[in-house]
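All chains, full assembly: derive it from the sequences and hints.
Number of protein chains: 2
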Amino acid sequence: MNMREIAKRAGVSTATVSRVLNGNPKVNPELRDIVNKVIQEVNYVPNAIARSMNHGTTSILGLILPDITNPFFPGIARGVEDAAISKGYKVILCNTDNHADTEKTYLRMLREQRVDGLILVSASNMSEETMRQMIEDIPVVLCDRIPESKHFSSVVTDHRKGIKMAVDHLVGLGHREIAMISGPKTLISGIERANYFRDIMAEAGLPCPEQRVVPCDYRYESGFIAANQLLKDKAITAILCANDMMALGAMDAVFESGLQVPDDISVVGYDNIPFSNWSRPRLTTVSQPTYLLGVNALEILADALASSETDKQQVQRMLNPTLIVRKSSAMVKR
Amino acid sequence: MNMREIAKRAGVSTATVSRVLNGNPKVNPELRDIVNKVIQEVNYVPNAIARSMNHGTTSILGLILPDITNPFFPGIARGVEDAAISKGYKVILCNTDNHADTEKTYLRMLREQRVDGLILVSASNMSEETMRQMIEDIPVVLCDRIPESKHFSSVVTDHRKGIKMAVDHLVGLGHREIAMISGPKTLISGIERANYFRDIMAEAGLPCPEQRVVPCDYRYESGFIAANQLLKDKAITAILCANDMMALGAMDAVFESGLQVPDDISVVGYDNIPFSNWSRPRLTTVSQPTYLLGVNALEILADALASSETDKQQVQRMLNPTLIVRKSSAMVKR
DNA sequence: TTGAAAGCGCTAACAC
DNA sequence: GTGTTAGCGCTTTCAA
Numbered sequence: 001m002n003m004r005e006i007a008k009r010a011g012v013s014t015a016t017v018s019r020v021l022n023g024n025p026k027v028n029p030e031l032r033d034i035v036n037k038v039i040q041e042v043n044y045v046p047n048a049i050a051r052s053m054n055h056g057t058t059s060i061l062g063l064i065l066p067d068i069t070n071p072f073f074p075g076i077a078r079g080v081e082d083a084a085i086s087k088g089y090k091v092i093l094c095n096t097d098n099h100a101d102t103e104k105t106y107l108r109m110l111r112e113q114r115v116d117g118l119i120l121v122s123a124s125n126m127s128e129e130t131m132r133q134m135i136e137d138i139p140v141v142l143c144d145r146i147p148e149s150k151h152f153s154s155v156v157t158d159h160r161k162g163i164k165m166a167v168d169h170l171v172g173l174g175h176r177e178i179a180m181i182s183g184p185k186t187l188i189s190g191i192e193r194a195n196y197f198r199d200i201m202a203e204a205g206l207p208c209p210e211q212r213v214v215p216c217d218y219r220y221e222s223g224f225i226a227a228n229q230l231l232k233d234k235a236i237t238a239i240l241c242a243n244d245m246m247a248l249g250a251m252d253a254v255f256e257s258g259l260q261v262p263d264d265i266s267v268v269g270y271d272n273i274p275f276s277n278w279s280r281p282r283l284t285t286v287s288q289p290t291y292l293l294g295v296n297a298l299e300i301l302a303d304a305l306a307s308s309e310t311d312k313q314q315v316q317r318m319l320n321p322t323l324i325v326r327k328s329s330a331m332v333k334r
Numbered sequence: 001m002n003m004r005e006i007a008k009r010a011g012v013s014t015a016t017v018s019r020v021l022n023g024n025p026k027v028n029p030e031l032r033d034i035v036n037k038v039i040q041e042v043n044y045v046p047n048a049i050a051r052s053m054n055h056g057t058t059s060i061l062g063l064i065l066p067d068i069t070n071p072f073f074p075g076i077a078r079g080v081e082d083a084a085i086s087k088g089y090k091v092i093l094c095n096t097d098n099h100a101d102t103e104k105t106y107l108r109m110l111r112e113q114r115v116d117g118l119i120l121v122s123a124s125n126m127s128e129e130t131m132r133q134m135i136e137d138i139p140v141v142l143c144d145r146i147p148e149s150k151h152f153s154s155v156v157t158d159h160r161k162g163i164k165m166a167v168d169h170l171v172g173l174g175h176r177e178i179a180m181i182s183g184p185k186t187l188i189s190g191i192e193r194a195n196y197f198r199d200i201m202a203e204a205g206l207p208c209p210e211q212r213v214v215p216c217d218y219r220y221e222s223g224f225i226a227a228n229q230l231l232k233d234k235a236i237t238a239i240l241c242a243n244d245m246m247a248l249g250a251m252d253a254v255f256e257s258g259l260q261v262p263d264d265i266s267v268v269g270y271d272n273i274p275f276s277n278w279s280r281p282r283l284t285t286v287s288q289p290t291y292l293l294g295v296n297a298l299e300i301l302a303d304a305l306a307s308s309e310t311d312k313q314q315v316q317r318m319l320n321p322t323l324i325v326r327k328s329s330a331m332v333k334r
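Chains F and V supply the protein sequences, listed in that same order. All residue numbers for the first sequence refer to the UniProt record's numbering, where the first residue is 1 and numbers rise by one. All residue numbers for the second sequence refer to the UniProt record's numbering, where the first residue is 1 and numbers rise by one.
Honestly, the hints are just simulated from the structure, not real lab data. Every residue, glycine too, gets a C-beta built ideally from N, C-alpha and C. Keep in mind that the hints are not guaranteed to be accurate.
To be verified - Within a straight-line C-alpha distance of at most 25 Å, the following computed BS3-like cross-link-like pairs (lysine-lysine) qualify: (1) V:164 x V:104; (2) V:164 x V:26; (3) V:26 x V:8; (4) V:232 x V:185; (5) F:327 x V:327; (6) V:104 x V:185; (7) F:232 x F:185; (8) F:232 x F:327; (9) F:37 x V:104; (10) F:185 x F:164; (11) V:8 x F:104; (12) V:104 x F:87; (13) V:37 x F:104.
As the list claims (entries may be wrong) - Far from chain F by the CB rule (all over 10 Å, computed), these chain V residues: (14) 19; (15) 26; (16) 77; (17) 81; (18) 98; (19) 111; (20) 146; (21) 148; (22) 158; (23) 164; (24) 206; (25) 207; (26) 252; (27) 257; (28) 306; (29) 322.
Written as structure tokens, this is what we have:
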């Protein structure tokens with residue numbers, strides 16, 4: 001069923017049907033009613049594909065992230081989704097597992113699809129140079145990833161602030177011997193938080209030997225292993241983790257070594273994934289506003305799409321983390 | 001950059017470019033090379049929209065689910081995604097919160113978009129009648145939801161088996177006074193599991209008074225409240241929950257009432273969401289193969305799309321749950 | 001093997 | 001206020 005058919009049945013031209021469909025006021029109310037009646041009768045829905053052909057615009061956006069199965073990402077995805085729909089966009093979801101190849105495949109597919117824009121949460125090692133090439137001139141906003149060059153817009157959480165909050169919290173509790181289980185050295189996010197940690201410890205005049213910052217892969221298991229390693233250092237009274245899943249692993253390692261959280265060792269997470277509120281003890285953690293990260297990313301993108309092509313001003317937005325104090329951190333006993 | 005431009009630069013017709021792009025063998029190798037060279041040079045990517053206009057097919061699928069933020073759904077979404085990509089489809093993600101209105105809005109949008117097919121994980125109270133009307137003749141497969149009529153294909157977990165496994169496990173541990181925290185009475189999934197529970201308890205010759213099956217809303221908090229309620233009945237030694245989040249809430253309620261899991265009360269969950277393996281104690285639960293649910297849904301859909309329009313055979317697939325015995329269930333003491 | 005041309009369903013400029 | 005028509009970028013006959 002297409003417009004021509006509707007036009008025929010209503011005894012008008014396709015142009016008139018088009019006008020009715022688009023709410024063009026310059027159409028005789030009687031004709032409008034007839035057309036609408038026919039549309040109702042045959043349950044007609046206009047073809048967005050055909051419309052796209054004219055406009056050169058699809059109202060489709062691509063959302064590229066590592067893995068929707070990782071509890072950190074659904075919040076972002078939902079934020080993007082909700083904001084997108086409210087502005088008339090649909091979004092195609094792509095899971096890359098941070099593989100550059102998968103990312104390239106998706107980028108190619110999304111270009112074929114002529115998406116209007118892209119939100120990139122992925123953190124593969126693809127260079128921004130290569131990326132620019134892959135996406136040509138499709139508007140992009142990076143989410144949870146600071147662009148090296150200033151050729152991309154971005155939204156991120158202020159991780160320096162986040163790490164500082166966590167350290168300050170621990171220091172306020174009397175901790176001085178603090179270790180960190182950080183992210184992978186291969187991911188910017190991993191290196192970044194570790195560096196902030198070192199800086200802030202130094203600023204606070206606290207010790208921070210290299211072996212107390214152990215790079216891991218963000219998974220529960222690696223947190224468990226790293227904590228076991230760290231616990232050999234009997235001076236340590238607190239462990240700060242670069243994400244909540246590793247913090248969960250770390251807590252379990254503490255328990256299995258016969259110690260208690262938070263009595264013997266305080267553990268602080270990062271992200272505030274839903275589960276962190278249900279662990280035992282409930283996890284003290286730095287909350288990232290994932291939903292807002294998504295919403296903001298979409299807003300920036302939508303703004304870029306709405307504005308004229310010419311003013312390609314890049315915008316960098318930084319959102320504030322918040323410290324959620326729960327039960328996995330306590331006054332130092334020693 | 002479009003095909004005409006490529007054709008011009010390569011000194012051929014658009015037809016030839018099209019043939020090269022589609023791997024048509026009947027094209028002079030020399031011309032092919034020239035065309036490919038030009039394509040490389042200008043970094044041209046064919047326009048899927050235009051292609052769709054001819055084919056009448058978009059290779060886009062819609063995935064409608066309640067809330068990607070709920071840990072039960074990402075597994076399904078990832079399964080659908082992965083299987084879709086491997087078959088050349090892209091998927092548009094839609095969160096409905098189980099609101100019939102939102103669902104309708106999305107259905108409309110997806111129809112406009114001329115998606116080739118639909119996977120519906122949502123469980124709003126929209127009647128299948130209405131649904132059929134909304135989606136016209138777009139192929140659909142229901143996921144995690146058994147169709148009332150046989151007009152839809154579907155993939156579901158065998159919940160009867162799942163509930164039976166859980167009850168058998170508990171009975172094997174000597175429990176006889178078993179309560180259930182079930183899903184909402186407004187959702188089929190809620191009613192279904194509660195009914196299976198009653199049946200199976202009856203078959204086993206065990207008591208199952210009405211007040212021991214309390215309908216909740218699948219959230220942590222409601223599990224907590226319901227468990228508090230149930231704990232007043234001192235005879236109860238085990239609580240079976242219709243999902244893991246409520247089981248987590250139930251465990252916390254047990255602890256806060258001064259009792260122990262599993263020593264005093266055994267708690268069994270349902271779903272096996274990732275966190276169920278990290279709770280303390282680790283949760284004994286019935287695992288739903290969410291990823292496979294998604295993969296299967298997509299396979300059924302892809303098969304339907306590949307087969308001729310005429311043979312509209314509906315297929316119903318039932319996947320087996322598995323019991324994951326962890327630490328929240330133990331031998332009765334009383 | 002290659003090209004010309006019609007057409008997919010719609011929009012928008014133009015003429016009436 | 002309404003209809004005619006020329007595209008949007010591609011695929012696909014049909015001739016050559």
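Original post:
Minimum Cβ separation between residue 146 of chain V and chain F greater than 10 Å?
Top reply: Correct as stated: the minimum Cβ-Cβ distance to chain F is 25 Å, above 10 Å.
Subject >> Assertion that residue 322 of chain V lies farther than 10 Å from chain F (Cβ) >> reply: holds, 19 Å
Subject >> Nearest-CB test (10 Å) between chain F and residue 148 of chain V >> reply: holds, 22 Å
Original post:
Per the stated criterion, does the least C-beta distance between residue 206 of chain V and chain F lie above 10 Å, as a non-interface residue requires?
Top reply: holds, 30 Å
Subject >> Least C-beta distance from residue 26 of chain V to chain F larger than 10 Å >> reply: holds, 24 Å
Subject >> Status of residue 252 of chain V, Cβ more than 10 Å from any chain F Cβ >> reply: Not fine: 8 Å to the nearest Cβ puts residue 252 of chain V too close to chain F.
Subject >> Separation of residue 257 of chain V from chain F, once the least beta-carbon distance is taken, above 10 Å >> reply: holds, 15 Å
Original post:
Is the hinted pair residue 8 of chain V and residue 104 of chain F satisfied, with a Cα-Cα distance of at most 25 Å?
Top reply: violated, 28 Å
Subject >> Least C-beta distance from residue 158 of chain V to chain F larger than 10 Å >> reply: holds, 23 Å
Original post:
Are the Cα positions of residue 232 of chain F and residue 185 of chain F separated by 25 Å at most?
Top reply: This hinted pair holds, its Cα atoms lying about 23 Å apart.
**OP:** Quickly compare the C-alpha distance for residue 232 of chain V and residue 185 of chain V to 25 Å and report which way the hint goes.
**Re:** holds, 23 Å
**OP:** Taking the shortest Cβ-to-Cβ distance between residue 77 of chain V and chain F, state whether it exceeds 10 Å.
**Re:** Nearest chain F Cβ is 5 Å from residue 77 of chain V, so the label is violated.
Of the hints listed earlier, those the structure fails to meet are numbers 1, 2, 11, 16, 17, 19, 26, in rising order.
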